[in-house]
Amino acid sequence: METLPTLWFIIIAFFWTGYLFLEGFDLGVGMLMRGFARNNTERRVLLNTVGPVWDGNEVWLVTAGAATFAAFPHWYASLFSALYLPLVFVLLALIFRAVAFEYRGKMDSDRWRNAWDWAIVLGSLVAAFGVGAMLALTTTGLPLNENGDRVGGPFAWFNGYAVLGGLAVVFFCIVHAAAFLALKTDGDIRTRARKLLLRWLPVALLPLALWAVAVVVAGGKSVTYVTLLLAVLGAAFAWMMARRERDGWSFGGLGVFLLAGTATIFTAVFPNVLPSTIDSAYNLTVTSASSSEYTLGVMSVIAAFGIPAVLVYQGYTYWVFRKRVSASSIPAAHAVVPQ
Amino acid sequence: MEALEIARWQFGVTTVYHFLMVPLTIGLGLTVAVMQTAWYRTGKDQYLRMTKFWGKLFLINFIMGVATGLVQEFQFGMAWSEYSRFVGDVFGAPLALESLLAFFVESIFLGLWIFGWGRLPKAIHLLSIWAASLATMGSAYFILAANSWMQHPVGVEMIDGRPVMVDIWAVLTNNTLLVAYPHTLFGAFSVAGGFLLGISWYHLWKRRRDGIDTVGPDGKVIVGSRPAIGRDAADHRVWLRSLRIGAVVAMVSFGGVALTGDLQSKLMFEQQPMKMAAAEAACHDGTGFSILSVGDLGSNDCDDLVAVVELPGLLSFLANGDFTTEIRGINSLLPEYQEKFGTHLPDNPIYGERAGTEIDYVPVMEVTYWGFRMMITFGMLAAGAALVALWIVRNGTVPQSKWLMRLAVFGILAPFGANSAGWIFTEMGRQPFVVAPNPDPNGIDNVFMFTAAAVSPGVSLAELVFSLAAFALVYGVLLVVEVKLLFAYCRGGVPSAMPELLHEDKDDDGDEGPGKRKDDDDVLAFAY
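Protein chains in written order, with the working numbering: chain A, 4 to 342; chain U, 54 to 581.
No lab work stands behind these hints: they were computed from the structure.
For clarity, every value in this text was computed on a predicted model and none was experimentally measured.
The reader is advised that the hints may include incorrect statements.
[Claimed, not checked] 27 Å max Cα-Cα, derived DSSO-like pairs, lysine-lysine:
(1) LYS326(A) x LYS198(A)
(2) LYS455(U) x LYS273(U)
(3) LYS175(U) x LYS326(A)
(4) LYS109(A) x LYS175(U)
(5) LYS455(U) x LYS537(U)
(6) LYS97(U) x LYS259(U)
(7) LYS97(U) x LYS175(U)
(8) LYS109(A) x LYS259(U)
(9) LYS109(A) x LYS326(A)
(10) LYS109(A) x LYS393(U)
(11) LYS393(U) x LYS319(U)
(12) LYS259(U) x LYS537(U)
Make the full structure from the sequences, and use the hints.
Structure representation (structure tokens):
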């Protein structure tokens, strides 16, 4: 086993976990923009809880992708080309969502706001589902030939794991967002967010747990049973804390669940990064898919400096915008009138 | 149509579109940072207004660049998997560095800047726009490092048929990169310059049309004031100052673009002689720069072309700095390429159905010839117009002519056109290679890749057609929305970014009426 490819496998797993943890709640907040939020003021409260941070959260996805390209070009090439269509939808969803965040408040018109609201809801939903499907499939396998190319038509990737992974991330995002809103808002929204969390947490985490169990059983590594247990404990802790209205602790419990859950999944599939369902000889592994020692070495040096720096200044933003947002903190909308 | 062609169209469409937003982001970001610095240091109201107004337009544009940038990063793997496998060892690193060292900074500090007005200490708030702005330029550096490697591969060794990076420093100091980078930055600043100029002109013109500003008998402006609509004297200073900054930036950038472009073309004659021959539609060896060539460029047939107007010696000057060196034309380059890289694509499964077909080493001349000329023409037009504009506003305002105002506003498009044309020229001129061979005798042998080999073998034509249609549709709609929003905010003037300017008549002595928000509620300086 080689050290650097393994290190980069861990780093990429870390980027994905960071992405799901951070963008997890802003995707979930996006999905709650309709239905949960009852009027424009509540929608603006939701939007502004993630307003200053969502773009930074999304960079974790960009970095996960770019790091995969640099450290495991074969993994990147095979996974992204095999999942061509779903990724087109993920991209379109993320485009709409990003633009909607920025543009929604820039015109004072109900039609304008409605359209962007739906762009946020659907964009968040499709992006979360697509990312979930992609991660599930990279851990359970795709029909790849010797060269790493997809065999079969544009939908050859579609199977139960794709759905399971998609649902896992969507549901996780929703409860994660509920925990986040309980922590970041005040008043009626906070109460309703707590209720949502309490009622749905056990059910919502099931798909992710099922996915983890599936890869743990297939992988058969004893350590993964321990981390799996840890994930379950995290979820139970989150639920108990939610009952006691300890918002910070329940949010943290969900974090433990996610961290232990993704650690379980990635450890269980290691050293595979993308198995082939056609022939295990075609599996992409940390060694067969990786870049050269030199490239990984250079990247390691940069990451050793870059990742801590990101954590510091991203942490700083969360600290700056740590106050709760409530309906009374939302200023009146203003119309842009020609002079 | 083949999958390869659709994939190329898709890359072209999405990249050119992305690069409409990028130069404006880079150029405007720095301008706004400078304006805010001026406000920080002088405390003058007009600089605050400039920061807020141009900052708002910056954000409307920035988000489109972010959103469409995601596509760029994903589509290498999606549509160009063979390319990604072949170059991943060296090409992925600059992309990873970009997101880790630059894109994070850009996104996070911009969030701080947007929501930090009045919340952060002024110095830190100022620092955050500088961090974001410098990071956009850092992004550009890494992305151009990746692109320059495709134009001129360095820092690698061929191991098992793949280029493996052996020297990251060589990749990051590629001479192609060192000239492409300032060229691209100056190009971006010229976009921002034209943008400032055109919009400021419109506002100065509107102040005159509405009778707020008038011109005295000495030709000098008499500044009026109509505070109720935000049209006070400071408003005049905002537009006049912005216009002058824009014009100076546009002119300086053109100087920079021309100088670096000259260096770049000299390198290109060395590194990709065929690209420059095609830029000239030059079939035969010679020294003259074609001002106009007639014949059917589209046929890509050399015997069809005649240069009718030619500046003797200029081509040699562009390539070599003298007026006499013979610059090689297509006819003498072609046999050399064919000898080195073959006349037909090898019988390798990587080429799919294209294996064994003849290789066309001459880029599409219609595109390279006109792309090169459009780039230069649009650039010169913009700089010339900026000079004229600067002279026209010497007395403090613009003429009442509606026609001139329209020209100034439409002029915003010229630097955009120059940027797009330049990129289309240099990317199309690299064909049929996606990674152009490095001709340096001391360089690396055989590091090149035909575009025909780069596309994803597993992705079907139907998928590509669908995605191209979907991106084109969505991008089209979003462009309309962005332009509509930019227009609305431009028309609204400074109050569109500072609504408080319109409420100055209201008493503001801190009475706690029922509608008033308490200080405690003020957790958001800027709310979506």
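Status of the hints after comparison with the structure:
{"no.": "1", "hint": "LYS326(A) x LYS198(A)", "in the structure": "holds, 21 Å"}
{"no.": "2", "hint": "LYS455(U) x LYS273(U)", "in the structure": "holds, 19 Å"}
{"no.": "3", "hint": "LYS175(U) x LYS326(A)", "in the structure": "holds, 19 Å"}
{"no.": "4", "hint": "LYS109(A) x LYS175(U)", "in the structure": "holds, 25 Å"}
{"no.": "5", "hint": "LYS455(U) x LYS537(U)", "in the structure": "holds, 21 Å"}
{"no.": "6", "hint": "LYS97(U) x LYS259(U)", "in the structure": "holds, 23 Å"}
{"no.": "7", "hint": "LYS97(U) x LYS175(U)", "in the structure": "holds, 14 Å"}
{"no.": "8", "hint": "LYS109(A) x LYS259(U)", "in the structure": "holds, 23 Å"}
{"no.": "9", "hint": "LYS109(A) x LYS326(A)", "in the structure": "holds, 24 Å"}
{"no.": "10", "hint": "LYS109(A) x LYS393(U)", "in the structure": "violated, 57 Å"}
{"no.": "11", "hint": "LYS393(U) x LYS319(U)", "in the structure": "holds, 23 Å"}
{"no.": "12", "hint": "LYS259(U) x LYS537(U)", "in the structure": "holds, 19 Å"}
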